[in-house]
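Asks: Residue strings, one per chain:
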Amino acid sequence: MVRPVSIINIETVVHMPILEFKNVSKIYDNTTKALTDVSFSVDEGEFVSIIGPSGSGKSTILRCINRLVDVTQGSIMFDGHDINRADKKEIRQVRKKIGMIFQHYNLVERLSVIENVLHGRLGYKSAISGIVSGYTEEEKEKAFQILAMLGLTEQAYKRCDELSGGQKQRVGIARSLMQEPRLLLCDEPIASLDPGSSKVIMDHLRVINETMKITCIANLHQVSVAMRYAKRIIGITSGQIMYDGSPDELTKSKIYEIYQSDEGELITDVR
Amino acid sequence: MSELDIAGGLPISLDISKYMRKTRGGKIKTATKSKSDFAIKMTIFVLLTLTVYGFATFDYKNIDMARAAIGTWNNVKVLFGQPRLTYSTWGATLHALLVTFFLGALATIFGAIIAFFGALLCARNIANPYVASMTKSFVAFIRAVPTILWVLIFTVAAGLGSVAAVIGLTFHSAGYLIKAYAEAIEEVEEGTIEALKACGAGFWQIVFQAIVPSSISRMTAWTFLRFEINFTNALAVGAAAGVGGIGFDLYMAGNHYFDLRELGFITYVVVAAVIFLEMIATRIKATVR
Amino acid sequence: MSDEKMDIKTEKAPRPQDQTSVFVKRKRTFTLALLGVAVLFAVSAAVTEYDVIGGFESIPRAVSWMAQHFIPDAKAWSRLPYILSKLVETALMSVAVTVCAGICAFFFSLFGTKTTKTDPLIARIVRIVAAFFRNVPDVVWAMLLLFSFGQNILTGFFALFFSTFGMLTRTFIETIDEVSASCVEALYATGATSLQTVFHGVIPSSLPEIISWILYMIETNIRSSTLIGILTATGIGYLFDLYYKRMDYSSASLVVISIVILVIAIEILSNKIRKVIM
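Protein chains in written order, with this note's numbering: chain A, 1 to 271; chain B, 1 to 289; chain C, 1 to 278.
The shape of chain A in the complex, shown without the other chains (with noise of 0.2 Å):
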């Protein structure tokens, strides 16, 4: 007998985004507008750096993206999920998926790092155990593996303002990494950190996106990093975007438009 057998063609399945931006515009007090009409999309396993001057919009897409900050107008679509219309317990499913790292690391400074790195798996807690600081010996063994990877075991215990920059920011990073996220935002991570510290990090970033396959979306001033970490580059411009694609096409004329400057006038410029 001839059983039936349905084929698939793994080549023809459609893949989806992992991230999409519809038309979204964010608006402060009615007065400054800090997002205008931004559409892009991100698929699994990329890594992007967005790019642009102060104030362009950078820290506020990300922020829209796990809803720390609200949209006025758009859509954007997670996972499947559409932030915007998310109610408290949806968001909550969506942010234990995405984690973030930020300019001034954002750690509880009195608190050791082991205590840090755990607090990643606050979001998979019930009410009453995150409370109580119920983890997991499991989650205690993992949270360990984690610091390991990312060489802190020594600081474990040690008190988080005891840290140099560079160690705090990994600290950021194994925070993240706890919540086994399908995509990490990063806030300026190297903006306060010394150039070396700032390679440790970089490269990091980039085996964690290599290896662990998880989606990276990186804020970065440093355009010269960012062409050199990232796989694709998106430059905003006063809310806009003004160039999305690979860091090879990305033209210094390009770079010059989108931080609105002439030649000789950005310190990359400088010699």
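There could be a bad hint or two in this list.
[As the list claims (entries may be wrong)] Partial chain B-side listing against chain C, Cβ under 7 Å, derived:
1. L50
2. P146
3. A239
4. L250
5. M252
[As the list claims (entries may be wrong)] Computed beta-carbon distance windows for the label pairs:
6. B:E189 - A:E137: 53 to 59 Å
7. C:L242 - B:N128: 40 to 46 Å
8. A:D203 - B:F208: 56 to 62 Å
9. A:I131 - B:T23: 16 to 22 Å
10. A:A127 - B:E189: 49 to 55 Å
11. C:T118 - B:F208: 49 to 55 Å
12. A:I131 - C:A33: 51 to 57 Å
[Unchecked claim] Below 35 Å or equal to it, Euclidean Cα-Cα: the simulated DSBU-like pairs (lysine-lysine) are:
13. A:K88 - B:K35
14. A:K22 - A:K199
15. B:K35 - C:K117
16. B:K33 - C:K245
17. C:K117 - A:K213
18. B:K179 - C:K25
19. B:K22 - A:K158
20. B:K41 - C:K117
21. B:K41 - C:K25
In case anyone wonders, no lab produced these hints; they're calculated from the structure. We treat Cβ as the ideally placed atom computed from N, Cα and C, and that holds for glycine.
Given the coordinates of chain A, assemble chains B and C onto it according to the supplied hints.
Replies: Same frame as chain A, but now just chains B and C:
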């Protein structure tokens, strides 16, 4: 081993368990061992214990809590709901308010003058360290005596009246402002003072040419803030020491005439004055920040 | 030739009037301020019937009187146990009031901060209520409560409770907003709930400053309760008033000395604690 998978299969060859601290039961610990946390826990414990002990040992004098609470609620309704002057007049009340206001003003002026010179003795960047610590100890002693007691002490020597009140109020006024002015002086940039010293400027020249211009705005702000406190103090002192002013009117309405409505009226006047001063103070604080 | 040079020089040099105008302005502001203060002084003295000369004269008189009469004698020392018991009563009351007001203020302040994502309207109401309790002086509360509670330690307790509650709520809101804003953002981003954020972010980061403020208010309340004690006939204030009205100044001086020692001891202890926990 665990359901969590930090996928990627990165080889972790370290024996990470040697970095873990475990409890006797074998559970992994997460907290740091810091002196600070221990001190916080001890302080909280001691404070809670003292609170419980306090409640256990108060002399409640067989008070009927329920009746007192209901009585208070009824009184509050009358106080805030039906204010009316009976024994005093609008004019007299306004006059009393101004008296309290100006008592506070005098205490502030005297306090500021004394504090200016006192702060010069205290500020770490221009004063002799020995003199500074002596002055600070002296000020700490002055501030340890509650204002009302200063006023009552001076009442014996100077008689009942505004002299005792003002001098009594000035003690804390000066103490507070010395600390505030000293802070403002210490914030003056070291370079400015050094530069003038290098030119050969004398002490008073440095004070008036460098320190005063740099810190005058902060000192003025502190002075206004202290005035708000002095007003409230003048009120309290008026009530407790019979010195005059709206505080005294408050006391008379409450403890002499036992008239809740008059008390309510005066309360409204006082609260309005305090809120008014608070608004000015907030505005001033904003400009200093 | 030399005339030309001179012309160029005078053209470029700034005119003397412009240079000194800054100093003239400053002098003018200074004299205006001084004048204003002098006027305020005169008006104040007039309205309050303040005898300026008498004021200055009374200071040396008061000092010499204090040196002679305001010193504890044997009778005063015999009262020491009673004085100490009243002092302890006052101190315990201050601690109890401040701790209770602090706990209530903390819960209340959580609704007034931006960190817990409460409805902005509720936050505003919280702030206004706190301002109300803060701005009504404790003396007023004491007067009101005397009617229903009488001369009882609870009168002073509740009077101080309300004003401390208002003050601490305001202070805690400021502290929480300042200290925990950044880590709270990160915690929400991980998917934590408001309550989890409070326990894991707000409390750990703001606890030291909160305790510091509570210690400060305990110290302040000991001094305030002296005055309230006079009105409510409780505590160490009552004792001072008793001796004072009897003209037993030597006993009264012992009361003052004991208060000073207590306040300074608490201040030193508080500073030590602050150094460790901050």
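Asks: Which hints from the list above does the structure break, by number from lowest to highest?
Replies: 5, 13, 16, 21
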